[in-house]
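Asks: Given next are the chains, with one letter for each unit.
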Amino acid sequence: MEVNRLKPFIAPIFGAILSLPILFLLAYALLEGVSLEAFSNLNLATYAKSTLLLVLGVGALVFVFGGLSAYLVARFEFVGSRFFSLSLALPLAIPSYVVGYAYNGIFEYAGLLAQLTGITGHFSILTLWGAIVIFGLSMYPYVFIVARAAFLGLSSSVDEVVKLQGIGPVRAFFRAYLPLVYPALFIGLFLTSMEVISDYGTVLYFGVETFSVGIFKQWFGYADLQGAIKIALVLMVFVFTLLLLESKAKARMRYATGGFSAKPLQKQRLKGLKALGAFAFCALLFTCAFVVPVAVLGYWAILDPRSGSLDLGGYTFGTLSINLGSAFVIMVCAFVVLFFTVAYRTALAKIAYRVSLLGYSIPGAVVGIGALLLFSSIDKALGQYWLGGTFFVLIFAYVVRFYPAGVGALNSGFSKITTELQEASKLYAKGEFARMWRVSFPMVKGAFMSGFLIVFIDVSKELPATLLLRPFNFDTLATRIYELASNEMLPALGLPSLVLISMTTVAVLLLNLRIFR
Amino acid sequence: MKSVKYLASALLVGASALMAAGEVNLYSHRHYDTDRELYKTFETQTGIKVNVVHAKAEELLARLKIEGDNSPADVFITSDVGNLYDAKAAGVLQSVSSKTLNEIIPEHLRDTDGQWYGLTKRARVIMYNKEKVDPATLSTFEALGDANFPYKIAMRTSANAYNKSLIGAMIAHHGEAGALAWAKGVVANMARAPKGNDRDQIRAAASGEADVAVANTYYVGRFVTSSDPADREVAQKVGIFFPNQNDRGTHVNISGAGVTKSAKNKENAMKLLEFLVSPEAQKNFAHANFEYPVNSAVEISPVVKAWGTFKEDTLPLSAVGENGVKSVKIAQEAQWK
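Taken in sequence, the protein lines are chains G and S.
Oh and the first sequence: position 150 is 150 in my numbering, straight run, nothing missing.
Oh and the second sequence: position 270 is 1270 in my numbering, straight run, nothing missing.
The following block holds chain S by itself, in its conformation from the complex:
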């Protein structure tokens, strides 16, 4: 039955592409099952069919650039502000404005020209091995690069978008020279050469291979609720520390979306974006994937609540995105693999 349905929907997509009405086409780097459910809800509420291609942000961006005005995509959805900034810089997005979006999404989490909007927040924090590290000895991101930092760090490669943005934020706060000195310090304090994903960094801290790890919080949410006992054990071993609470606040990234320049279904695209910041959709984002909602009217998930509240860095994310190229240079100079 499923396959018949599948074939039918494939044919429908083909047919409806010709009419280009009553649908919206997404290029998305987010590929959680819960997102699929959200799109289904949107479809039933509005009658607008949602078509999706999932791939890595960088690959989708390459596809958008190459396709240019011919691109069938209406909306580009991805994690990390760097990717959104790159899309804006490549000229594949357009400025849109909506009262709903501007009211709900805080100013620092959206583009000044309305080319991209944050949908969820992702806090990048320090996670520590509860047995080896006294959280009272942790303080700021800056301290990670300190020659006297007493712990060994596990961190992903510098090519990873989250780290690129973190370095970008450091440049915004301390200038290029300051960020370079910091990056060199971090590399010197690493427990091992960068490898693996965020999950692997957290594991390294849990196992004691490293003392602390830098990762996004929602991964711990997934460890806590995992069906795999190995994951749950990792979650028990690590604590979450929100850095920079006494100054600017913890670095926050987003997953976000923009309407493409080539959008043939702009109206539907706007409806979808507005739907995605509605309390219903935001609750789904926040509760299913343990992210922080951008809509302040929506409560965070109980799992996330257990980590406590924190002060977030309100540095405009466009400033972080702007530093992408500089971040790469700094990482290379610091020999951050």
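Pulled out of the complex, with its shape left as it was, chain G reads as follows:
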């Protein structure tokens, strides 16, 4: 009986646990004393402007890159269209900061471009615009993947309408197709924005002063934790606004998908210039976003195989074990919490759900420090050093940070479980556990797998929290790449980057196959 009464609170309690690191940060700031006038000295306008420009710029780029390429491969047949359906998702496997290092290696003074062409100048890509292009190239797959699924889901009736109206392909795209897949595109844009906002490595390297950089600068550079937390608070307001917009888009998508029919459309065969144009666009995008960075890394790996290969096996093993483990933990949490959120739709559960999604927008290092504060307090209360510096703390931080990604993926599975189905399942399986395992899980298995892969990819690329929380003598490929980059040994990071990319590429391919099936 006691346990039964707790059930409606399982989801809210979990949401509360996930927000603990942030609450601890706030408490810590309050304990050290808060002065309100300090808000004016925080350069907030600069951070807001850079972040907004970055989000808008990257948004526009990924909209064009991801949206257009998804439209082309989903609706048309041309040389390579099948290949591009799969391969255009691959850049998701490369961390943005690695793409940034690689491109700077090309364009920097006496860099690869200068070596190949003999032209030397001082054209630098380390600007806001450079960062926008790098993010655009490395993040458009977020849009591509969801948009392609949406374009594939459009029914043939849309095309019939287009044909009847006799409108051209360009107008048809904007007037007929785009409005229908717009919600899906928006969700892709939302994911991209979250990634851009929480990024630290790339923006720092490119000298773009986003909120994330501001938090670090205030905290570590100026030793002003209260100031840093204030910037983080402003950032969270920013993100909450985006979250609201996203939930509206989701509601619209449900409405839009209502019109999809079971009879999908035959792909249209492109000929002549149109086929060439479609091929050129996809090929150029794939080359810039994937082939070029990988080629640069390959070149570096050949230049400097010695320091790059040092204990590579150990780093790979460390990366794989922690990433698979935490992805599994995150998905199990997401599954259990969603199950109870769906089963007991209380207002509290809804609030907890929204709050627990915040982690995605908070820079990894902020989550890291929050987790550190939380578990150190527990350790202090216990009078023992039990939790600090263990894998438990690291995995907890990953859960806080990437749980939203897992939930996002799993949610699409749970949206299929209607209230009627729930009621019916109560007859079929007795007890929550049985219903969870025998009814719900089989229904969301596919979404669970997608979520697992997405979280695995995200965790593989994570950097600041891992740096901050990892136990003694524990390194991952990402931390190793960071070390080599911060020692300014770019060629040496070729080999470990390639290993990391191979690992995440497998996950991206599996994800792509899953979603596109």
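In case anyone wonders, no lab produced these hints; they're calculated from the structure.
A couple of the hints might just be wrong.
[Said to hold, decoys possible] Once the Cα atoms are required to be at most 30 Å apart in a straight line, the calculated DSBU-like pairs of lysine-lysine come out as:
#, chain 1, residue 1, chain 2, residue 2
1, S, Lys1152, G, Lys49
2, S, Lys1337, G, Lys49
3, S, Lys1088, S, Lys1271
4, G, Lys445, G, Lys7
5, G, Lys380, S, Lys1337
[Stated by the list, open to error] Not everything, but these chain S residues come out facing chain G in the computed CB check (under 10 Å):
#, residue
6, Gly1068
7, Lys1130
8, Thr1157
9, Ser1227
C-beta: ideal position from N, C-alpha, C; glycine also.
On the provided structure of chain G, position chain S as indicated by the hints.
Replies: Just chain S now, with coordinates in the frame of chain G:
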């Protein structure tokens, strides 16, 4: 095999943490492969296992502060005296004294209370584009802030620890007003808004985007010996100029270490520090990373020797560290990004 070894060592670490004997735990901001080799040498010589967590100095310091007496760390190793000073100010280090350390490390490169010790020296200098700049026209750090300074400067952000310490040294020599006027002058003479790391500043000077760059010398050592032809070309284009040779000497920073207040393996920690200033370890530091050894008995690397000898500023580094907060204020007031 590697992974089996890795798993085994992970288990060992877990087991030995319970016994807390025969080991020493480091929080280190230095993460060069050569440092790892040094620790291995120490392990084989003494049988003391070295456990390391690598991260940025500021993050490790935050971790030390938060963990307090519970921290498993015995030694905090980092670059830049500002970080060491901050650690002392935060009360996470303890005073230790050792005849070996005091004999080998010059007085101005260690804390007056024995809370931190310099392990290597890092000279912060002016690097110039050989085609555009006549080194005879360069003189002092002060000149960089001169309204008549004929060159454009590339320099990192003021949040960077090396620049914070450089401003700290300027405050020590010229007072706050003098340092502020200088910082404003430097900002006015900048070729571009500060961005990137030391390596990028040197590149900016090599490419001609700037005429001169302010950076630490060992980066040039890495350019010279790099496997990347692009790096080697940069090294050829820039010259190294040691400023303030006719007065107090060139500003020198350190990477250094302190024993933490919470150290449970203090004895081993002291052994490690003493090992790190031994000729063997110092030679490794100096030759692998092109830094200057604190142990005067050790020769500098041939690459570094080629830049010539110089007179160094012997202003006690604790005085530089003390000025950290003032440096930040001055940089903000001077609108040094």
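Asks: All hints are to be evaluated individually against the structure, with a verdict given for each.
Replies: To see whether the hints hold, each was checked on the structure:
Note on Lys1152 (chain S) and Lys49 (chain G): the hinted pairing holds, with a Cα-Cα distance of about 28 Å set against a maximum of 30 Å. At roughly 15 Å between alpha-carbon atoms, Lys1337 (chain S) and Lys49 (chain G) fall within 30 Å of each other, so this suggested pair holds. Taken as a hint, the Lys1088 (chain S) and Lys1271 (chain S) pair is honoured in the structure, with Cα atoms around 21 Å apart against an allowance of 30 Å. For the given pair, Lys445 (chain G) sits about 23 Å from Lys7 (chain G) by alpha-carbon distance, which is consistent with the 30 Å threshold.
Only pairs whose Cα atoms come within 30 Å are accepted, and Lys380 (chain G) paired with Lys1337 (chain S) is rejected, the gap being roughly 39 Å. Here the hint on Gly1068 (chain S) is kept, as its CB sits about 7 Å from the closest CB of chain G, short of 10 Å. Because the smallest distance between the Cβ of Lys1130 (chain S) and any Cβ of chain G comes to about 14 Å, over 10 Å, the interface hint for this residue is violated. For Thr1157 (chain S), the interface hint holds, the least distance from its beta-carbon to any beta-carbon of chain G being 8 Å, beneath 10 Å.
A cut of 10 Å between beta carbons decides the hint on Ser1227 (chain S): the least distance to chain G is about 4 Å, and the hint holds.
When held up to the earlier numbered hints, the structure conflicts with 5, 7 and fits the remainder.
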